[in-house]
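Going down the list, the sequences are from chains V and S.
Under our numbering, residue 262 is the last one in the first sequence; the count climbs by one each step, no gaps.
Under our numbering, residue 395 is the last one in the second sequence; the count climbs by one each step, no gaps.
Bear in mind the hints are in silico, worked out from the structure with no lab data behind them.
There may be inaccurate statements among the hints.
[As the list claims (entries may be wrong)] Here chain S is said to cover these stretches of chain V; the calculated rule only asks that three of the stretch's residues, wherever they fall, bring their Cβ under 8 Å from a Cβ of chain S:
#, segment
1, 40 to 50
2, 54 to 62
3, 66 to 77
4, 85 to 99
Think of the CB as a built atom: it goes at the ideal place given N, C-alpha and C, for glycine as much as any other residue.
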Amino acid sequence: MSTQTTIDEAEVARFSALAEEWWDPRGKMAVLHKFNPVRLGYIRDAACKRFGRNPKQLDSLKGLRILDIGCGGGILCEPLARLGATLLGADPAERNIAAAKQHAEQSGLSVDYRVTSAEALADAGERFDIVLAMEVVEHVADVKLFVKRCAEMVQPGGLMIAATINRTLKSFALAIVGAEYVLRWLPRGTHQWDKFVTPDELEIAMELSGLRTTDERGVIYNLMADRWELSSDMDVNYMVLGEKA
Amino acid sequence: MSTEKADVVIAGGGFAGLALALALRQGLGNSFRIVVADPAFAADARPDLRASAIAAAARRMFETLGAWDAVADQAQPILDMVVTDSKLEHAVRPVFLTFAGEVEPGQPFAHMIENAPLNAALARQARAQGIDLRATAVSGFENDTSRISVSLRDGGVMSASLLVAADGAKSRVREQAGIATHGWNYGQSAIVTTVAHERAHNGRAEEHFLPGGPFAILPLKSNASLGNRSSLVWTETDAEAARIVALPDDRFHGELERRFGLHLGEIAPSGPRRAYPLGLFIARSFVAERIALAGDAAHVIHPIAGQGLNMGLRDVAALAEVIVDAARLGLDVGSSQVLERYQRWRRFDTALMGAATDGLNRLFSNESDVLRLMRDVGLGLVDRMPALKSFFIREAAGMTGEVPKLLRGEAL
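Chain S on its own, in the form it takes in the complex (with noise of 0.2 Å):
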């Protein structure tokens, strides 16, 4: 197969690969070919069963990109937020943290959303958009000096100024590149599954810090054939994990119960249960020679604070404004000295979002009294500081640190 040229490749059309190819079509138009590669683009490919926070922010993006208006009304804003710290015994749990959800008056701190819905929205947007996207992977690249040459595993050959890696956790790319990761597992797992339930949940999202680790409870939205939902994320051990998803359903049932509680009234588990284990891990560099990483394949964190995929999509934005920018310069978009802005812009920010989730996770599972009294105290105290809480919504919301344009809803 003859050779085909491109200015970008995307491995990975997951949120951060359609959002990326996104951008630098609306930022630099049709003169500027875009691959985006994904085995998942398939029919056959087996959907997401699981549920986003999107920041105020991220929503701003989508906003921009053209990809939110379609799924807006399957978005539940988050109203509200609770953070309870208790042993999985006590009869009431006692509520140290309450966030109203607003960054400002009518723009909720976040949305929840299936990510199914959400993805074919970026697909189909990118395809109105005349994205070039292929159903199949990348199996390897080679560089010369002044390109790369992408290969594809249906047999196609790219030859591209940079390949960026949105390829996922695992991704082939950053591995192919040699570029090692730093970080642990926890030894934890995530379960996660809809629960139906009986009484609305009026946009309350719910933090449990049980002994297990975090127990959150996030709203869906509710519609006349599924009813009220919320979506769960349910840590446990790994070993403990394993043990609760593989249960018949009724012990699960019971198992759920105990601690979601009846405060929602009755509950059913709704659809099939996954557990996804846990880890921290940051790529040591974020680009290698005409190669940028972004998204889960630059660094995965702790979902205690829901920001992994809100981090995806500032290096998204933030790589596609020093694309965008290069590229109306001339300049050659997968130079060494265009990717360098690039790492510089995010790799520290990351560095510090992933310092920042492990020590929350570490502070809450734990069972000692000691830090139960600490953080306890450490919670309380920040409820009754208005300016110290805001920080923390507008930092949950995606609006602290420099914020490339694209996540201030400005377009590129």
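Looking at chain V on its own, in the form it has when it is part of the complex (with noise of 0.2 Å):
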């Protein structure tokens, strides 16, 4: 046996691991896949929305070209697709990318996941009918350039749909203090407050784009329930529509 098929087999096993830990609901993503379902049904209800799809059948999505930037483990890409869409995940770690192909294989799905940027898909030129910045705004250098570069790849008629976190007061408590350091549902450091972005921020940036932002929802978490839910509060974490005439 030579020594390239060992190697191999480590790098698979470390892949393996990494895409565990990603699809563990109870693991390191826990709030993750708790999130999930709420901008699931956000995304899914304003495509179907706008494609004049029934969001009640199971291929609701189906035929739809959809870019997940900032893909990860594939938490949002693989019921995406299980809808029927065609996606693209593009992620610039490619350990991420490397456990997302893992994992859609034991799933039995194909996505199409790429080690790649924004910028660099916008300068290939790809069109998407829905591209998707979901939890990464308030990680990019310069938000305004980022969205710009996502707005160029909708296709006319197409939705860019963008979560993050206001930048307030109740998101600093909330989203560092509360989530890093309280509970411990995320990393400490996940996050720089300075890096949020506002609703307002973001929804001039998408118009500068080109795109018209037709609607503005907040997500809370609902304690009794133990899940999240959408509301009128946008104060932490919300998501914004933008669509292309």
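Reassemble the complex: the two chains are provided individually, in unrelated frames, and hints are given to aid placement.
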């Protein structure tokens, strides 16, 4: 047996451990799994409304081409692919993409995962019915530029959906002190408060990029039900919907 | 044999299993593959002799699933209900509680129906909907990360996202999943049989708290060939129940008459009689890796309030809603996140109902005169307070708490 094979096996083992970490609903990514249904529901309903689909149908997103920027281990990509969409999952971290690929194969789903960036995809002239920037805006260096490049990739008639965290005192208390220090939902240092983006800033960036923002929605954690819900309160987590004419 | 694919495999084709299959088919369509495995689907299976009280909410669910119309004319509405508390030798049983049996105008709080025709109607509807019913049992299963591999006794192997254990109180799936139960036997058994009687019952259900335990006369639909009939649930200690069931017909008749009384005229036991040991147990968990328990597999409670089947259907309605919501979001329906929502929804409610029925039974299966006085005052008070009474009726009809859509009569 060649040395090459051994190295591959070690790599596979490492990525499968990482995939397990991403996909364990009780593990490190628990908060993301809890958050997933509410953002999936928002994306599905917005897409069904825009493209005239029935959200009760199991293949409600059939044939729609969707880009998920910052896809991580594929927690958002897989469900959307299961609903019939054609997914491109992009993440700059090679290990995330390897883990995501491995998990999609286990799930029997086809997702086009690539180690790449929004800029590179935009440069290549890629076009999508829906571009998703979920929980990534607060991590990018230049929000305006990032949104502009994302918007470029939206087909006429298509959608861009962004989810992020507002820059308020409440978000400092909840998303940083609460989530990272008290509840330990997230590793410390996951977020820097000064990089958080207000709805106005995000919406202006979208409008300047040729998108019409047609909906904004807060997402809050319901302690009693232990689940995230849509809300009019946008002080911490929120989502914005942009449409291209 | 090669492995077949399914989304959900349901072990057990009783009320719970079939209602779940129908709800999932209705909510998710033909592309969502459902297999129900139960040896009782074989033509030669032994029929179920029992009858059940279908609460208003459960009836709405059967209606929504399209299985009620076929049996509606075999279902007897319970139009009112009397509860008495008496010693056997009392000539007149004081009535402490009466319920006029409507949750809303024109909506009886429950219907009595024999299990066999209802189950057959559910199975027919499932077949008509193209659901894959197999006359075999689930013999085992094995988890891998993204699927559960379910072996059938006929040699088939299914690879599924989720295995639902709806295989009854002695659930093999629950046992094999290593889910323990807590609970106890009451040392009481219920003698179940059908009684023909001379006079019409007029839709009245009777519950007599006799020293041996509750003695319930539940009205069945009468017809030209069968005449007036009621289903009987007669509680005694295990030993006494075994003795009574084994009595020759004439002596059984004598024992029956002492308790039944003659208010419905001449009576005659009809059909076989059987004693079912009573217990209360609740599974320590309603879910395991890619497994969900529903119905009797998850809990068995004392039949004193007639809530066993209705609780099972609550499980089904909640589980169906959880699965349908998840599938429409593209989520893996067998993932622990999805199953946790079901568990959180049902387990507390079940424990509460278990405790309530257990308390009722302990309160009423006791000869102490002090207790008798207390409960009679209690029942009398309930009888005089319309708000409390209407709460009990709504509770018995399954319409309190966070009610799943199907039980509100809404499609998923």
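Results of checking the hints against the structure:
| no. | hint | result |
| --- | --- | --- |
| 1 | 40 to 50 | holds (count 3) |
| 2 | 54 to 62 | holds (count 4) |
| 3 | 66 to 77 | holds (count 6) |
| 4 | 85 to 99 | holds (count 5) |
Hint check: no violations occur; every hint is consistent with the structure.
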